[in-house]
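Enquirer: Sequence:
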Amino acid sequence: MQAGLVDQSLFNTGFLDDTEFADFDAAAAQTRVPVLGFSVGQAFDYVGNHVALSVCAPIAVVESFVSPYRRHRSWLRWPGLLVVGALYLAGSLLIFADGEDGRKGFVLAPAQLVFAVLVVLALVAAALLPRWRRDRPAPVPGRRAAPAPLWVGILVYAGHATVGLVPGWLGVALRTVLTAGVVALVVAWSRRAGWDQRHVLAAWSAGLLSVASFAYVVPSYAPSSPLAALLSDIAVSVIAVALVGGAFLRLRRERR
1 MQAGLVDQSL FNTGFLDDTE FADFDAAAAQ TRVPVLGFSV GQAFDYVGNH VALSVCAPIA
61 VVESFVSPYR RHRSWLRWPG LLVVGALYLA GSLLIFADGE DGRKGFVLAP AQLVFAVLVV
121 LALVAAALLP RWRRDRPAPV PGRRAAPAPL WVGILVYAGH ATVGLVPGWL GVALRTVLTA
181 GVVALVVAWS RRAGWDQRHV LAAWSAGLLS VASFAYVVPS YAPSSPLAAL LSDIAVSVIA
241 VALVGGAFLR LRRERR
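The opening residue of the sequence shown carries number 1 in the working numbering; numbering runs sequentially from there.
Hints listed in this document are in silico derivations from the structure and should not be mistaken for laboratory results. Only true hints are included.
Computed spacing ranges between beta-carbons, pair by pair:
(1) Arg131 <-> Ala222: 35 to 45 Å
(2) Ala109 <-> Arg250: 43 to 53 Å
(3) Arg253 <-> Leu36: 44 to 54 Å
(4) Asp17 <-> Val51: 24 to 34 Å
(5) Arg70 <-> Asp98: 31 to 41 Å
(6) Leu249 <-> Arg131: 26 to 36 Å
(7) Asp98 <-> Gly246: 30 to 40 Å
(8) Trp75 <-> Arg253: 18 to 28 Å
(9) Arg250 <-> Val51: 22 to 32 Å
(10) Leu94 <-> Thr13: 16 to 26 Å
(11) Ala180 <-> Leu94: 30 to 40 Å
Heads up, simulated DMTMM-like pairs for lysine to aspartate or glutamate below, C-alpha to C-alpha not over 20 Å straight-line:
(12) Lys104 <-> Asp23
(13) Lys104 <-> Asp25
(14) Lys104 <-> Asp18
(15) Lys104 <-> Glu20
(16) Lys104 <-> Asp17
(17) Lys104 <-> Asp7
C-beta atoms are modelled at their ideal positions from N, C-alpha and C, and glycine is treated no differently.
Use the sequences and the hints to build the structure in full.
Expert: This is the structure in structure tokens:
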């Protein structure tokens with residue numbers, strides 16, 4: 001919804017023209033879908049990365065700081081959900097209404113609008129379907145144990161670090177296969193005995209540490225001096241390491 005309907009960055013080929021990422025448009029054009037006009041490669045970044053890094057990773061970090069009882073309860077009840085929903089809607093309307101800085105003068109074509117709305121509705125419907133989650137079975141004697149959280153983190157970090165190395169449709173195919181493989185392996189590990197919140201934190205925080213470490217080799221979003229760019233990258237790294245490290249220390253005390 002954010003990338004497709006609010007700021008419409010997924011469909012706006014000139015969205016990055018006034019940023020330091022303008023050169024990335026050539027790579028995005030290699031995987032652009034005819035008629036609909038969006039890049040599948042950018043969809044991985046604009047949608048996939050935000051799902052993993054802007055939504056799921058912060059949830060895993062926050063839930064690692066709270067007690068096990070609080071960790072598995074809903075964050076909000078209906079009043080809180082309504083307030084947060086209203087705030088999100090208001091923020092989205094502000095961005096959409098700001099045609100120059102929000103949507104950057106772009107408006108969806110009818111086919112793009114219909115496609116984006118249908119995808120959003122399909123995702124919402126899928127989220128509202130009955131859950132397939134089931135209670136975790138009790139550990140069986142002799143059953144293979146889950147690997148150490150470190151190995152889970154290394155696997156996911158490697159996945160994040162290598163997904164964008166190959167451009168074009170071949171890169172999209174490799175990215176899809178690699179992502180599916182990592183997800184399948186982590187899900188299989190999560191069903192083994194000994195899997196706990198440390199593994200969950202390792203899996204999701206690996207992406208945060210990956211983007212924090214690679215920030216030093218990619219340009220800043222907005223033009224800035226080399227010193228300012230370096231200081232901002234260092235600040236991001238310190239914050240990411242502090243949050244993830246603090247969460248692991250909290251879980252270590254909890255196990256004790």
